[in-house]
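**Student:** Work out the full structure: start from the sequences and follow the hints.
Residue numbers (mature numbering (1 follows the signal peptide of the UniProt record, and there is no 0)): -20 to -1, 1 to 737.
In case anyone wonders, no lab produced these hints; they're calculated from the structure. A portion of the hints provided could be inaccurate.
[As the list claims (entries may be wrong)] Here are the simulated SDA-like cross-link-like pairs (lysine to any residue), alpha carbons at most 25 Å apart as the crow flies: (1) K51 to D139; (2) K142 to I24; (3) K288 to I633; (4) K337 to I272; (5) K619 to R25; (6) K382 to Y444; (7) K6 to K142.
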Amino acid sequence: MRLAQVLTLLLFIRLTLVHGASSNAKHYIVYMGEHSHPNSESVIRANHEMLASVTGSLEVAKEAALHHYSKSFRGFSAMLTPEQAKRVAESDGVVSVFESRTSKIHTTRTWNFLGIDSIQQYKQLQMDSSSNVIVGVIDSGIWPESESFSDQGFGPVPDKFKGECVNGEQFALSNCSRKIIGARYYFKGFEAEYGSLESQGGTFFRSARDSDGHGTHTASTIAGSVVANVSLLGMAGGTARGGAPSARLAIYKACWFGLCSDADVLLAMDDAISDGADILSLSLGPDPPQSIYFEDAISIGSFHAFQKGILVSCSAGNSFFPGTASNVAPWILTVAASSVDRIFNSNIYLGNSRILKGFSLNPLKMETSYGLIAGSAAAAKGIPPSNASFCKNNTLDATLIKGKIVVCTIETLTDNRREKSIFIRQGGGVGMILIDPLAKDIGFQFVLPGTVIGQEEAVLLQKYMETEKNPVAKIYPTITVLNTKPAPAVAGFSSMGPNIITPEILKPDITGPGLNILAAWSPVAIEATAERSVNYNIVSGTSMSCPHISAVSAIIKSIKPSWSPAAIKSAIMTTATVLDNAKHLIGRQPFGNETTPFDYGSGHINPTAALEPGLIYDLDSTDIINFLCSIGAGPAQLKNLTGQLTYCQNPPIPSYNLNYPSIGVSNMNGSLSVYRTVTYYGKDPTVYYAYVDHPVGVKVKVTPSKLCFTKTGEKMSFKVDFMPYMNSSGSFVFGALTWSNGIHKVRSPIGLNVLSV
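**Tutor:** This is how it looks when you write it as structure tokens:
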């Protein structure tokens, strides 16, 4: 063990002994909003004094404190008993006290599919290597030697950047560059909640270096330099690049072994805001249900980022079901995941010459056919056949599966698919066919030849195995199939709305490519690549779609540097498409189910259109304060949040009147009017006309129905009257309002929950 690791371990043991004096001490975040202290040292002193009032002494307070949030907002994290936490919460100036939860990471062709090569501004951005747009990536770190992070042709680091390149294990100052302009790492929160990093039993670097692969993948998706002839073991070959290859990267490693302590994430956000980031990208979030906004670290950090003019793009999560979307605050750009026009087939050739379509990332070649056996027919002694069919550890009889391809099934959605192939290999099996209809579109990697089939193929396979005395099969290596239709489709795993905190803010906001995405990888992260060391990897998740949206945000910011986070968000949302490449409404995998804005938000991102949206729905901190008033914030809480004495209007402006690019009303009783204001961004005078896609059971009237603009920057307001004539039976009905001048289409989804007429 290295000396630095020994010293860190000793410190961890010491902290454990101090905090362990009370066995029920937990890791709490104390959030106090804006502050007027002159510097960080003053904030830290005040934090220690507040802590001392409940711990009994300044010395114990200093030991209990783990993190101080002192730059962009005030707060701290500390090991406290529930009673101490309650007492701190009663102190003046405290907005909220909550236990630090764990967020989880939401794990080349995509930019072609999005049509980004056709954008003239994008081509100019590619040539302008002096770009000053800085994207802060809060994730698992970075593998700086990757070709995707070459700084060739870049100018000096922008003067506005105030961050650092922090030394650590196998990460030196020389690992930062004119591309990776900053790197920090955070671990105290993780260790307080899970024990020392050394005790986790996996490969890691106590530095910004990425041992997981996830952070490297997301960072290169955002801003990777152009690298030719890239593939994953021959699959998805082509040129790899990020969406904004001229953007600079500031890396904030707050995730270890796939887990991210809220306290660490919040400190990373505090630093990133202060360092001068323009865009923050977080491909992580809490398990559902989402906490209320000011008891959620990402919501808190992004609130202060928004106030400083920084757009925060976050993944919506991979929880499959309605009401599970995370990162749903209205000041966050919340991203769902969808497919691209590419699939990876690893087909099965049966002994009767029939070919079954399979899906996986399988580079392995079978030289001959092998016997087939169902996992249920190979149960180990004492294991019921139904349990053996799941191919889990110690459930299969090695003498029966040796030299055979084993057919397995899924027990739950969260099954570890790769593990099944490991257990089959341990028993002497030579291949695996996994029946997994819900996840067949996801490119899984296995340690032996393996493929995933859906229900239709499963029926054919089962029939063959029942009628053939000695059934055999051969699994073919993966072939990459391009220009597939229909695409995009919302990924089956992508978390769905409604927003369970404020349902009138329709979430997610947008969807982007998140299925089977090729990007740079950490070569030591072999668990996710079926024990193969690779420099580029294909993975899926809203983790992968989020950086696509972050990249487009960076492009817009570079071209429209004065635009607010809300303006950039509006441009992305109102220009999205809800049609796939077959000109049908976007469906949802795996069965092509009908979708709504709770699946895709405003639609699938259209980068070309987002650069020139025509109209935008802008909002600022005052609008957010009015929104907070509408959901119950009082003067004391608002004063702590903003640092200023703030009073709500009486009555407050309804939350559905936040100038958001979508329109939602969650509890409609009878007719109701909603108000919005748009800002024109164009060169010549123009007229926009309103077109309405009516929600079922609701009449809609827009006043005025045409907007006449004479100059750029001009604002005009309008009213939307909703007149229901039937209730919606406890669920939302959807429609859309589109403003068009014949060139631009500015579309806002509508979602209404009509309780009574």
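**Student:** With a cut-off of 25 Å on the C-alpha distance, tell me whether K382 and Y444 pass.
**Tutor:** 21 Å, holds
**Student:** Holds or violated: K51 with D139, Cα cutoff 25 Å?
**Tutor:** 19 Å, holds
**Student:** Measure nothing beyond the straight line between the CA atoms of K6 and K142; if it is 25 Å or shorter, mark the hint as holding.
**Tutor:** Distance ~33 Å between K6 and K142 Cα, so the pair is violated.
**Student:** Hey, K619 versus R25, does the alpha-carbon distance stay inside 25 Å?
**Tutor:** 21 Å, holds
**Student:** With a cut-off of 25 Å on the C-alpha distance, tell me whether K142 and I24 pass.
**Tutor:** 20 Å, holds
**Student:** Check the hint pairing K337 with I272 against an upper bound of 25 Å on the C-alpha distance.
**Tutor:** It is violated: about 45 Å lies between the C-alpha atoms, which goes past 25 Å.
**Student:** Between the alpha carbons of K288 and I633, is the straight-line distance 25 Å or under?
**Tutor:** 24 Å, holds
The structure does not agree with the numbered hints 4 and 7 stated previously, though it agrees with the rest.
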